[in-house]
Amino acid sequence: MKRKTLRLYLVLISLGLLGIATALVLNAFDRELVFFFSPSEIVAETPAPGRIIRLGGLVETGSVKKLGDGATVSFRVTDLKASTAIAYRGVLPDLFREGQGVVVQGAFNQSGNFVATEVLAKHDENYLPPEVAKALKASGRWQEGAGTLPAPDKTQPSPPAAGQGDAGESQ
Numbered sequence: 001m002k003r004k005t006l007r008l009y010l011v012l013i014s015l016g017l018l019g020i021a022t023a024l025v026l027n028a029f030d031r032e033l034v035f036f037f038s039p040s041e042i043v044a045e046t047p048a049p050g051r052i053i054r055l056g057g058l059v060e061t062g063s064v065k066k067l068g069d070g071a072t073v074s075f076r077v078t079d080l081k082a083s084t085a086i087a088y089r090g091v092l093p094d095l096f097r098e099g100q101g102v103v104v105q106g107a108f109n110q111s112g113n114f115v116a117t118e119v120l121a122k123h124d125e126n127y128l129p130p131e132v133a134k135a136l137k138a139s140g141r142w143q144e145g146a147g148t149l150p151a152p153d154k155t156q157p158s159p160p161a162a163g164q165g166d167a168g169e170s171q
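No gaps in the numbering here: position 37 of the sequence shown is 37 in my numbering, and each next residue is one more.
It should be emphasised that the hints constitute simulated quantities derived from the structure, not laboratory data.
Remember, it's a predicted structure, so these values are computed and weren't measured experimentally.
Where hints are given, some of them may not hold.
[Claimed, not checked] Here are the simulated BS3-like pairs of lysine-lysine, each with C-alpha atoms no more than 30 Å apart in a straight line:
(1) LYS65 / LYS134
(2) LYS66 / LYS81
(3) LYS65 / LYS4
(4) LYS81 / LYS65
(5) LYS4 / LYS81
(6) LYS81 / LYS134
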């Protein structure tokens, strides 16, 4: 076999192996990706049953209900345009309450109900997950400043930034 032919076969085999490796990586990513949806996007196009997604928005006021077994809770998540009913079995985070930002992870079952496996609540009174804030802005009902951190307290002296020395010094 000539050197040129051997080199061509090696290149073709290398490209084939690279293609197989790429296909395996993409297949693994597809199974592990969890997409974020707002309630408006769910109303427009419901994901396939069993597909794990994240759904975010605000917990609709007056929608939280504990079911008979005491461990199952149903509530609605809204982006102020549309809302989606959620069923969750487990302990809710301490910060979970009506009117607050939340992200739930789970899937729609065969009967079209969203069953959450995880509920994530915001971590302080001024934080909304970026995806939730974006969905609320897209709905046109975002109140500027509602999902931002408060301005720093001017009465408390702030420590100097790294490399700046005392706050009163100018450089």
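Comparing the hints with the structure gives:
1. LYS65 / LYS134: The given pair, whose Cα atoms are some 27 Å apart, holds under the 30 Å limit.
2. LYS66 / LYS81: 25 Å, holds
3. LYS65 / LYS4: 74 Å, violated
4. LYS81 / LYS65: At roughly 22 Å apart (the allowed maximum being 30 Å), LYS65 and LYS81 satisfy the hint.
5. LYS4 / LYS81: Violated, at about 65 Å.
6. LYS81 / LYS134: 13 Å, holds
In this structure, the hints that do not hold are numbers 3, 5, in rising order.
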